[in-house]
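Add chain D to chain W, keeping to what the hints say.
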Amino acid sequence: MSGIRTNAAAELLGVSPNTLRSWERRFGYPKPRRTQGGHRQYDLTELESLRRALLETHNISSAIELARQRGEGPSSPARLLDAFDHFDEGVADRILEESLAVRSVERSVEEVLLPALELAYEREGRDAERELGSRWATGWLHAARRVVAPATRPQGVLLFDSSPRLDLESLHVQALELALRRAGFRTLLLAFDLPPERIVRAIRAIDPTAFVFCGGEATLEVVGRLVYTVRQVGSAGPVFEYRESMPVTGEHGIPSLGTVPSEAVERLKAYVDSGRLEQVVVAPEVEPAARPGRVPAAANS
Amino acid sequence: MPLLTHTDDHARPGRTRTETVRFCSRCGGPDDALPGRPELRRRVCERCGMGVMLTAAGDALPGSGAAFLIVTAELAVSAVSRSGDKVFGEEGELTGSHLLAIVTSPLGDEQLEQHVRRAALSRTETIAMPVRLVPEDAPPVGTLSARIASCGSPHAALVAVEPSGFGIR
Chain W
1 MSGIRTNAAA ELLGVSPNTL RSWERRFGYP KPRRTQGGHR QYDLTELESL RRALLETHNI
61 SSAIELARQR GEGPSSPARL LDAFDHFDEG VADRILEESL AVRSVERSVE EVLLPALELA
121 YEREGRDAER ELGSRWATGW LHAARRVVAP ATRPQGVLLF DSSPRLDLES LHVQALELAL
181 RRAGFRTLLL AFDLPPERIV RAIRAIDPTA FVFCGGEATL EVVGRLVYTV RQVGSAGPVF
241 EYRESMPVTG EHGIPSLGTV PSEAVERLKA YVDSGRLEQV VVAPEVEPAA RPGRVPAAAN
301 S
Chain D
1001 MPLLTHTDDH ARPGRTRTET VRFCSRCGGP DDALPGRPEL RRRVCERCGM GVMLTAAGDA
1061 LPGSGAAFLI VTAELAVSAV SRSGDKVFGE EGELTGSHLL AIVTSPLGDE QLEQHVRRAA
1121 LSRTETIAMP VRLVPEDAPP VGTLSARIAS CGSPHAALVA VEPSGFGIR
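Here the protein sequences line up with chains W and D, keeping their order. Take my numbering: the final residue in the first sequence is number 301, and no numbers are missing along the way. Take my numbering: the final residue in the second sequence is number 1169, and no numbers are missing along the way.
Hints are not guaranteed to be accurate.
What the hints assert, rightly or not - Label-pair ranges, simulated between beta-carbon atoms:
1. 8(W) to 1092(D): 27 to 37 Å
2. 1073(D) to 225(W): 46 to 56 Å
3. 1046(D) to 100(W): 32 to 42 Å
As the list claims (entries may be wrong) - Facing chain D, according to a computed beta carbon distance under 7 Å, are these residues of chain W, among others:
4. 12
5. 14
6. 15
7. 22
8. 56
9. 58
10. 59
11. 60
12. 76
It should be emphasised that the hints constitute simulated quantities derived from the structure, not laboratory data. Every residue gets a Cβ at the ideal spot worked out from N, C-alpha and C, and that includes glycine.
Isolated chain W (complex conformation) (with noise of 0.2 Å):
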């Protein structure tokens, strides 16, 4: 954690080291660890967190309360949102590269990431901050896979995603796709909606290890097409689905890969380690709630 003396950060925040030091005694933040020699040292997260603050609010006790609920933990969700609410891509970027000094690619994505952009989605009217965040994140990821080794194992995935541009679920399988490339998988992502006959190259290319459904907007006319293109080509490859994207709820057969990036690899890994279906959780635990469109599994058979 990087501090700085009681002089310095009255200069950052503008003001006084007597206000500051008020400022611990009454509301107790920001809150100064001591060096040995007894002098106050700030964190300058804190500091740049009250910093902000200040400048949204309009007295200082709301300013240290919502400086508080900011500088919870490095790098929140909370924070990536409100980077967002600010248009202010720089913070997002830096919020990030906070988070990859403290925790893995994989966690920065399903523990900051995700979560903000969920809860971003999980808004209304605040729709011009949820596409920044939207396009932002899809950067983010892209440039993330850029810099992925290339595949350490034979093994290929091909990934359908049929969720529409820009939407939560298609930065969840972009998510899934960046995580399987690290993990060492040749991966390609293929949009759902293509003709049959313009994926069967791609499926000869790469010879996939295994199929995965995502998206969750598939009918099961699409569905059907796709797998009866896949076994025409010879691939006898088990195809996947992934957070709950089949388009029919309760029991349908087709195994899950779970519902975040880190449960996919890790049951695929188990899949192809193994090379046995029972390896992967095949029925998900909790009835998922039904989206519209769907037809149940009953109905289906």
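Just chain D now, kept in the frame of chain W:
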């Protein structure tokens, strides 16, 4: 019929528009920094250290150390001046409260709401209207004259009150 809500004379067409002033959201004191050098302006009040410096039209405040509320466009109180503590109640207890839980207007709360919301959303001329305190245990100050003006940043309405001498029980 006389107008009970009026636009401040200084802000009328043909008159010189009042200069803007920077003041502390807590002590109400003016900013001593040199004008025209925004990079040298401090956000926190150098006098009291407990308020942030806001900008408003010069005619918005009855004077240094005035009793006022800062109110957001959602009509939530976001700051109370130190003098305002004695009129409206303690800042810590009032922050986040709805404006109409604190003051009401004999001209109708709809008008009060409308003026405050408009001032909080965009820069408007200072208007004055009568208000009364709502809580039963409020000090017996009778009808107050409230000046409602835009202030910021961030954008908000400044509701500054002074005694009108009417209706004191």
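*asked:* Tell me the numbers of any earlier hints that the structure contravenes, in ascending order.
replied: 4, 12
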